[in-house]
Amino acid sequence: MKIEKTEKRITVVTDGDFDLKVCPELKALLAVDLKHDRSIHVCFDLRKTSFIDSSGLGLILWVYKETAPYGGKVSVVNVTASAEKLFDVAGLSRLLNIRRKGRERLG
Amino acid sequence: MKIEKTEKRITVVTDGDFDLKVCPELKALLAVDLKHDRSIHVCFDLRKTSFIDSSGLGLILWVYKETAPYGGKVSVVNVTASAEKLFDVAGLSRLLNIRRKGRERLG
Amino acid sequence: MDKQENYVKLEFYAKDQNVAIARLATAAFAGEIGFSLSDIEEIKVAVSEGVSNAIIHGYGGDESRLVEVTLTVEKNLFKLEIKDDGVGIADIKKAMEPTYSSVAERMGLGFVFMESFMDTLNVHSSLNCGTVLLMTRRCPHL
Amino acid sequence: MDKQENYVKLEFYAKDQNVAIARLATAAFAGEIGFSLSDIEEIKVAVSEGVSNAIIHGYGGDESRLVEVTLTVEKNLFKLEIKDDGVGIADIKKAMEPTYSSVAERMGLGFVFMESFMDTLNVHSSLNCGTVLLMTRRCPHL
Ligand SMILES: Nc1ncnc2c1ncn2[C@@H]1O[C@H](COP(=O)(O)OP(=O)(O)O)[C@@H](O)[C@H]1O
Ligand SMILES: Nc1ncnc2c1ncn2[C@@H]1O[C@H](COP(=O)(O)OP(=O)(O)O)[C@@H](O)[C@H]1O
Numbered sequence: 001m002k003i004e005k006t007e008k009r010i011t012v013v014t015d016g017d018f019d020l021k022v023c024p025e026l027k028a029l030l031a032v033d034l035k036h037d038r039s040i041h042v043c044f045d046l047r048k049t050s051f052i053d054s055s056g057l058g059l060i061l062w063v064y065k066e067t068a069p070y071g072g073k074v075s076v077v078n079v080t081a082s083a084e085k086l087f088d089v090a091g092l093s094r095l096l097n098i099r100r101k102g103r104e105r106l107g
Numbered sequence: 001m002k003i004e005k006t007e008k009r010i011t012v013v014t015d016g017d018f019d020l021k022v023c024p025e026l027k028a029l030l031a032v033d034l035k036h037d038r039s040i041h042v043c044f045d046l047r048k049t050s051f052i053d054s055s056g057l058g059l060i061l062w063v064y065k066e067t068a069p070y071g072g073k074v075s076v077v078n079v080t081a082s083a084e085k086l087f088d089v090a091g092l093s094r095l096l097n098i099r100r101k102g103r104e105r106l107g
Numbered sequence: 001m002d003k004q005e006n007y008v009k010l011e012f013y014a015k016d017q018n019v020a021i022a023r024l025a026t027a028a029f030a031g032e033i034g035f036s037l038s039d040i041e042e043i044k045v046a047v048s049e050g051v052s053n054a055i056i057h058g059y060g061g062d063e064s065r066l067v068e069v070t071l072t073v074e075k076n077l078f079k080l081e082i083k084d085d086g087v088g089i090a091d092i093k094k095a096m097e098p099t100y101s102s103v104a105e106r107m108g109l110g111f112v113f114m115e116s117f118m119d120t121l122n123v124h125s126s127l128n129c130g131t132v133l134l135m136t137r138r139c140p141h142l
Numbered sequence: 001m002d003k004q005e006n007y008v009k010l011e012f013y014a015k016d017q018n019v020a021i022a023r024l025a026t027a028a029f030a031g032e033i034g035f036s037l038s039d040i041e042e043i044k045v046a047v048s049e050g051v052s053n054a055i056i057h058g059y060g061g062d063e064s065r066l067v068e069v070t071l072t073v074e075k076n077l078f079k080l081e082i083k084d085d086g087v088g089i090a091d092i093k094k095a096m097e098p099t100y101s102s103v104a105e106r107m108g109l110g111f112v113f114m115e116s117f118m119d120t121l122n123v124h125s126s127l128n129c130g131t132v133l134l135m136t137r138r139c140p141h142l
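Protein chains in written order, with my numbering: chain A, 1 to 107; chain B, 1 to 107; chain E, 1 to 142; chain W, 1 to 142.
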C-alpha cells in the first residue's frame, strides 16, 4: 500500500487484497489526513489491487462521506471489470468518479 | 501443457503445477511416443511451471530411464532457483542436463 | 467416485488474515471445477463476505473462535457453506435487507453481494447459537 | 491472542487435484507469517510430498477417504501436520531411507524433501491405523 499526498490530493494505491484485513489500518491513516483537510480530492488507484469486497467499498464510501460535505471529491481509477460490477451493484457508480483506465496516475 | 515433436526431439512445456495431478496423463502421452523411438532427445521446458515436486521429478527420471540405454537424452531447461534445489537434493543434476536459462526453446 | 465430485473443509481462527486463505482455497476449488476467471472473482466475493461477517458480526472480534468453510461439488452443483457459532441473527429478514447493517461503518451489502454472485443463498441462524450460510452455484457445462 | 498466532485446518477427499489446494492454503498461511518467497517454495514442496503420500500410499487411490492438513503458528514456530487413516507404515525407518519406495515408479524422495525443507519431521504411523506427519519450521524474525 502506498499513499501519496500533495496539497490538493491524496492518492491511495492499495495492493493485493483490499478487504477486511487492510481496512482498519488504512482508515486510521486516512483519518489523520482528513482531519487536516476535508475538502481534498482522494483518489483510490486500484491498479495493483487483486481483490476488493464490501469492506473495501465501505472504506471508500466512508472517505466520500467525510469529504463530500466539505467540497471534497473521491475518485477510483484503474478498476477491473469484476470490481466495477461491485461498485455498480452497490450503487456507488453514481456517487463516485469511477474509471476503468485512469489518467490519474501515481507519481 | 504443450508437447512439440520433431524427428529428433520432443519438447514438453508443462504449465502451472508439475505434480501428482498432471503426471499420469503426461506419462501416458509420452509412453506412446517413446514406444516409437527411445533414442530421442526429450526436453522439459519449465518456463511456465510454477511448481514441481518429487512426482514431477519422478516422471522426468522415468523418461531418462526409458531413453538413456538407447542413446536418448533428457534435458530440463528454464529451471527456477527453487526447482534447481530439488534436482540437486535428488541427485539428478548429475544425470540430466539441467539449465537455468535454456537456449532450447519451443518453436 | 465421479471425477468432478469433491469436498474440502476449512476450519480456522476468526482472524482477518484468514479471509484471504479461505478465499484462495475457494478460488482454487472453483477453478478445478471449471468455473471461468470472472465466475471465480464473483465466488471469491461471496466467500469473503460470508467469512468477514462470521468474524465481525458472529464473533465480534474474538479471534480465538472458529469459522468453518465447507466446499463441495456434486452432480454439477457447487455448494459453499460458511458456519460460525457466534451471536446469531435475531431478524434474518431485516439483516438481509440491502444497506442494513448493525455496525455503523459498514455498508450492509454483504448479503446483497452473496445473493448477486451465487445462484442461491440460505441463511440459518438462531440467537447465541450461530449462523450457517449455504450458497450454491451451478457448475459450468464442460 | 498474539497477533501472529494462527490455526487453519483443511480436510479433503484424497484426490490429486486437492494437493494444489492444500499447497495454496499452506503457502498463504506461511506468507502471512512472514516467510520469504523462497522459504514458501520449500514449504510448498513439504506439504505437497506429505499430502501426495497420504493419497497414493495411505489410501492407494481410494478418493473417498479424507486427508487432514493442520497449520498452526505459535511462539514463532510454524507447525504442519498431515494425517491420513490409511494403511500405515510397517517400517518407518526403512520408509524414510532416501530412494526407498514401495511403488516402483516413484523416487522415494518424499521424506528426503520434507526433511530437507523443514526444520523437523516426525512420523507416527501404525499398520491399518494411518499416518501422521508432524513438521515444524522456525518463523523468520520480523
Ligand atoms: N455471521 C453473522 N452473525 C451475526 N450477525 C450477522 C452475521 N452475518 C450478518 N449478520 C448481521 O446481518 C447484517 C447485515 O449483514 P451484511 O449484509 O453482510 O452487511 P454488513 O456486514 O455490511 O453489516 C449485519 O450487520 C449483522 O447484523
Ligand atoms: N501416508 C503414508 N501411508 C503409507 N505409507 C507411506 C505413507 N507415506 C510414505 N509411505 C511409505 O514410505 C515410502 C517412502 O515415501 P517417500 O519418501 O515419500 O517416497 P515415495 O512417495 O516416492 O514412495 C513410500 O513408498 C511408502 O511405502
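Calculated from the structure, these hints are not laboratory results. Cβ atoms here follow ideal geometry from the backbone N, Cα and C, with glycine treated the same way. Some clues are possibly wrong.
[Said to hold, decoys possible] Cβ pair distances, simulated, as ranges: (1) K5/B x Y100/W: 34 to 40 Å; (2) K8/B x R100/A: 20 to 26 Å; (3) H36/B x Y100/W: 43 to 49 Å; (4) P140/E x H141/W: 30 to 36 Å; (5) N76/E x K3/W: 38 to 44 Å; (6) K101/A x V103/E: 42 to 48 Å; (7) L37/W x K101/B: 15 to 21 Å; (8) L37/W x K94/E: 44 to 50 Å; (9) D2/W x K5/B: 52 to 58 Å; (10) A81/A x G16/B: 22 to 28 Å; (11) N97/A x K8/B: 45 to 51 Å; (12) D2/E x D2/W: 54 to 60 Å; (13) S102/W x K65/B: 48 to 54 Å.
Going down the list of hints, with the structure as the test:
1. K5/B x Y100/W: 34 to 40 Å: Holds, at about 35 Å.
2. K8/B x R100/A: 20 to 26 Å: violated (49 Å)
3. H36/B x Y100/W: 43 to 49 Å: violated (33 Å)
4. P140/E x H141/W: 30 to 36 Å: violated (46 Å)
5. N76/E x K3/W: 38 to 44 Å: The hint (38 to 44 Å, Cβ to Cβ) holds, given that N76/E and K3/W are roughly 42 Å apart.
6. K101/A x V103/E: 42 to 48 Å: violated (34 Å)
7. L37/W x K101/B: 15 to 21 Å: holds (19 Å)
8. L37/W x K94/E: 44 to 50 Å: holds (46 Å)
9. D2/W x K5/B: 52 to 58 Å: holds (56 Å)
10. A81/A x G16/B: 22 to 28 Å: holds (24 Å)
11. N97/A x K8/B: 45 to 51 Å: violated (60 Å)
12. D2/E x D2/W: 54 to 60 Å: violated (43 Å)
13. S102/W x K65/B: 48 to 54 Å: violated (18 Å)
Violated hints, in rising order: 2, 3, 4, 6, 11, 12 and 13; the structure is consistent with all others.
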